[in-house]
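Just so you know, the protein sequences line up as chains R and V, in that order. Position one of the first sequence corresponds to residue 1 (the numbering used here), numbered consecutively onward. Position one of the second sequence corresponds to residue 303 (the numbering used here), numbered consecutively onward.
Simulated from the structure, these hints should not be mistaken for laboratory data. Don't take each hint at face value.
Derived coverage of chain R by chain V (criterion: at least 3 residues anywhere in the stretch with Cβ under 8 angstroms from a Cβ of chain V; other residues may be distant) [said to hold, decoys possible]:
| id | stretch |
| --- | --- |
| 1 | 119-127 |
| 2 | 154-160 |
| 3 | 201-209 |
Restraint ranges, calculated between C-beta atoms of paired labels, are given here [stated by the list, open to error]:
| id | chain 1 | residue 1 | chain 2 | residue 2 | range |
| --- | --- | --- | --- | --- | --- |
| 4 | V | Thr550 | R | Lys150 | 24 to 30 angstroms |
| 5 | V | Lys335 | R | Pro184 | 51 to 57 angstroms |
| 6 | R | Ser158 | V | Asp331 | 56 to 62 angstroms |
| 7 | R | Ala227 | V | Ala546 | 40 to 46 angstroms |
| 8 | V | Asp462 | R | Val23 | 22 to 28 angstroms |
| 9 | R | Pro279 | V | Leu459 | 51 to 57 angstroms |
| 10 | R | Lys150 | V | Pro581 | 30 to 36 angstroms |
| 11 | V | Ile366 | R | Asp25 | 25 to 31 angstroms |
| 12 | V | Pro581 | R | Glu154 | 53 to 59 angstroms |
| 13 | R | Asp283 | V | Lys532 | 44 to 50 angstroms |
| 14 | R | Cys185 | V | Gly342 | 36 to 42 angstroms |
Here are the simulated DSS-like pairs of lysine-lysine, each with C-alpha atoms no more than 27 angstroms apart in a straight line [as the list claims (entries may be wrong)]:
| id | chain 1 | residue 1 | chain 2 | residue 2 |
| --- | --- | --- | --- | --- |
| 15 | R | Lys44 | V | Lys396 |
| 16 | V | Lys600 | V | Lys489 |
| 17 | V | Lys489 | R | Lys187 |
| 18 | R | Lys44 | V | Lys357 |
For glycine and all other residues, C-beta sits at the position ideal for the given N, C-alpha and C.
2 protein chains.
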Amino acid sequence: MIDRLIAKIEACGAPIAVGLDPVMDMIPDRIKKRNIEEHGLSLKAAAAALLDFNKEIIDCIWDIAPAVKPQIAMYERFGPEGVAAYAETAAYAKTKGMIVIGDVKRGDIASTAEAYAAHIGGVIFEGVAFDPWHADAVTLNPYMGADAIKPFVEVCLSHDKGIFILVKTSNPSSSEIQDITLAPCGKTVFEHVAGLVSSWGEGAMGTQGYSKVAAVVGATFAEQGTALRKSMPHTFFLIPGYGAQGATGKDIRDFFDSDGRGCLVNSSRGIISAWRTRPCHGDRVGEAAREAAMRMAKDLKL
Amino acid sequence: MIDRLIAKIEACGAPIAVGLDPVMDMIPDRIKKRNIEEHGLSLKAAAAALLDFNKEIIDCIWDIAPAVKPQIAMYERFGPEGVAAYAETAAYAKTKGMIVIGDVKRGDIASTAEAYAAHIGGVIFEGVAFDPWHADAVTLNPYMGADAIKPFVEVCLSHDKGIFILVKTSNPSSSEIQDITLAPCGKTVFEHVAGLVSSWGEGAMGTQGYSKVAAVVGATFAEQGTALRKSMPHTFFLIPGYGAQGATGKDIRDFFDSDGRGCLVNSSRGIISAWRTRPCHGDRVGEAAREAAMRMAKDLKL
Numbered sequence: 001m002i003d004r005l006i007a008k009i010e011a012c013g014a015p016i017a018v019g020l021d022p023v024m025d026m027i028p029d030r031i032k033k034r035n036i037e038e039h040g041l042s043l044k045a046a047a048a049a050l051l052d053f054n055k056e057i058i059d060c061i062w063d064i065a066p067a068v069k070p071q072i073a074m075y076e077r078f079g080p081e082g083v084a085a086y087a088e089t090a091a092y093a094k095t096k097g098m099i100v101i102g103d104v105k106r107g108d109i110a111s112t113a114e115a116y117a118a119h120i121g122g123v124i125f126e127g128v129a130f131d132p133w134h135a136d137a138v139t140l141n142p143y144m145g146a147d148a149i150k151p152f153v154e155v156c157l158s159h160d161k162g163i164f165i166l167v168k169t170s171n172p173s174s175s176e177i178q179d180i181t182l183a184p185c186g187k188t189v190f191e192h193v194a195g196l197v198s199s200w201g202e203g204a205m206g207t208q209g210y211s212k213v214a215a216v217v218g219a220t221f222a223e224q225g226t227a228l229r230k231s232m233p234h235t236f237f238l239i240p241g242y243g244a245q246g247a248t249g250k251d252i253r254d255f256f257d258s259d260g261r262g263c264l265v266n267s268s269r270g271i272i273s274a275w276r277t278r279p280c281h282g283d284r285v286g287e288a289a290r291e292a293a294m295r296m297a298k299d300l301k302l
Numbered sequence: 303m304i305d306r307l308i309a310k311i312e313a314c315g316a317p318i319a320v321g322l323d324p325v326m327d328m329i330p331d332r333i334k335k336r337n338i339e340e341h342g343l344s345l346k347a348a349a350a351a352l353l354d355f356n357k358e359i360i361d362c363i364w365d366i367a368p369a370v371k372p373q374i375a376m377y378e379r380f381g382p383e384g385v386a387a388y389a390e391t392a393a394y395a396k397t398k399g400m401i402v403i404g405d406v407k408r409g410d411i412a413s414t415a416e417a418y419a420a421h422i423g424g425v426i427f428e429g430v431a432f433d434p435w436h437a438d439a440v441t442l443n444p445y446m447g448a449d450a451i452k453p454f455v456e457v458c459l460s461h462d463k464g465i466f467i468l469v470k471t472s473n474p475s476s477s478e479i480q481d482i483t484l485a486p487c488g489k490t491v492f493e494h495v496a497g498l499v500s501s502w503g504e505g506a507m508g509t510q511g512y513s514k515v516a517a518v519v520g521a522t523f524a525e526q527g528t529a530l531r532k533s534m535p536h537t538f539f540l541i542p543g544y545g546a547q548g549a550t551g552k553d554i555r556d557f558f559d560s561d562g563r564g565c566l567v568n569s570s571r572g573i574i575s576a577w578r579t580r581p582c583h584g585d586r587v588g589e590a591a592r593e594a595a596m597r598m599a600k601d602l603k604l
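So here's chain R without its partners, still in its complex pose:
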């Protein structure tokens, strides 16, 4: 998966993940209205609106953005119907050849982690294999330690999939736990986690110098990200916090390796909600998203 992601980034010429994290006020009335007419004022209508919105975006960015990163919370909000729209979004993006990173941030132990690993490995029921989630990779939370991660590493190996483990997140309160210094080693919690992530990834290297076990490193902490690039030379970074959260291409320049590789930068609102901030697009969601993605690609090259 990590090799496929790197190849796809090179083919598109930009390390962009489009965060498909729709909220209802981002979705044009025409899409909501059509689905309420079809399904009634119901969670099914809400879920169908999310999916239709995502399809308009995917149709316009699949050739210039290597990956989508749907945030499952935005779908779980609408119950099981919403969750189905998440899976259908992933399936649709894959038909267009995109890499799908399920932003699920799961973290649980042993047999539970094995169950969650179905997000990338699928499931076998009565001898038949199913892949209900259609994801190439997922994000994971490391708070419970290796027990929560190892079952996913096994699937990375057996199914050529990837995982992105939270190391330093982009939100302000990430400092409450992640930035505290640990007495035994003098490292911060996130630096300690970075070491664990590197070691978990050693047995899952791709052919391009990066492991299938990757990290989430927020764009909003430039100094920490730069230091992590040095301490984690074989760990690919998924970078949230670009755009709407305030970071620019300049802030994250040193998160990349000396060949300009090693990162995938996510933008959600900045791309999927671009039609609302640029009135010239009317409610042509996809057209505005494409223009925003192209602006982002240019910013990342500067």
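Given the coordinates of chain R, assemble chain V onto it according to the supplied hints.
The following block gives chain V in isolation, referenced to the frame of chain R:
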């Protein structure tokens, strides 16, 4: 919610949560066969088997166990169809008057946390309120700090719901992060998180001395749990790790307060898979679960 939980524990006479975490080899062939006949060899059949299995258990324990704790991973494994079975399980347990704790261990920031908070607060779509998940409380992961927790605390207040935040988990590798000592304060990571959980809960007290913001404290670490009871006198504990993970009633005696309150102890396999370890029950899942729950209640009283 915390007051309702405490009242329900007193009415049932035992602080038991039944962990509805089914895996396929716990489910009798008659249930799987019936659903495959009805739905074909499909994820729909798998999901329907999970739900039927859970209903047999709920029908036999609703009057002696105050709560169920379905682990959503066991349902997510089977895709969106499985997730629907999770929600239907919760809805069914509520029709029997049980408290439902969704074991989702979500943890994400800001607008994403707000979306996840639909697990307890429901969602409003075009002015209409929906409650797709039917949970009284959920479990949460604190790694991202207050940003991941605050939106849930608000729902605890506005909707009388509860949250259980991971403090010290029951798995062996929990020590990799949670047990390390922090330099500034000399506390371990989990002790530091315990302090955060206490402070997040101060504004959400129930009337019985406990906050709606509660903690997950594993039964497998007796010393730490005993210390946490002292340092968190107003924090209710959800205790995994009893039974199949090795802990007994004796190990967790000091997790309770001096009135014998303040804890809800979860058992999953020990109850829902009891029919397989006690052949006298045949495949009468519910009967075996009831007997196991009664044994557990007795053990917790010793």
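Hints versus structure:
1. 119-127: holds (count 4)
2. 154-160: Coverage by chain V is violated for the stretch 154-160 of chain R (0 residues, Cβ < 8 angstroms).
3. 201-209: violated (count 0)
4. Thr550/V - Lys150/R: 24 to 30 angstroms: Between Thr550/V and Lys150/R, where Cβ atoms are some 28 angstroms apart, the hint holds.
5. Lys335/V - Pro184/R: 51 to 57 angstroms: holds (55 angstroms)
6. Ser158/R - Asp331/V: 56 to 62 angstroms: violated (28 angstroms)
7. Ala227/R - Ala546/V: 40 to 46 angstroms: 42 angstroms Cβ-Cβ, so the 40 to 46 angstroms window holds.
8. Asp462/V - Val23/R: 22 to 28 angstroms: holds (25 angstroms)
9. Pro279/R - Leu459/V: 51 to 57 angstroms: violated (39 angstroms)
10. Lys150/R - Pro581/V: 30 to 36 angstroms: holds (34 angstroms)
11. Ile366/V - Asp25/R: 25 to 31 angstroms: Check failed, 47 angstroms falls outside 25 to 31 angstroms.
12. Pro581/V - Glu154/R: 53 to 59 angstroms: violated (34 angstroms)
13. Asp283/R - Lys532/V: 44 to 50 angstroms: violated (59 angstroms)
14. Cys185/R - Gly342/V: 36 to 42 angstroms: Check failed, 55 angstroms falls outside 36 to 42 angstroms.
15. Lys44/R - Lys396/V: holds (23 angstroms)
16. Lys600/V - Lys489/V: violated (36 angstroms)
17. Lys489/V - Lys187/R: holds (15 angstroms)
18. Lys44/R - Lys357/V: Holds, because 25 angstroms separates the two Cα atoms, which is no more than 27 angstroms.
Going through the hint list in order, the structure does not satisfy hints 2, 3, 6, 9, 11, 12, 13, 14 and 16.
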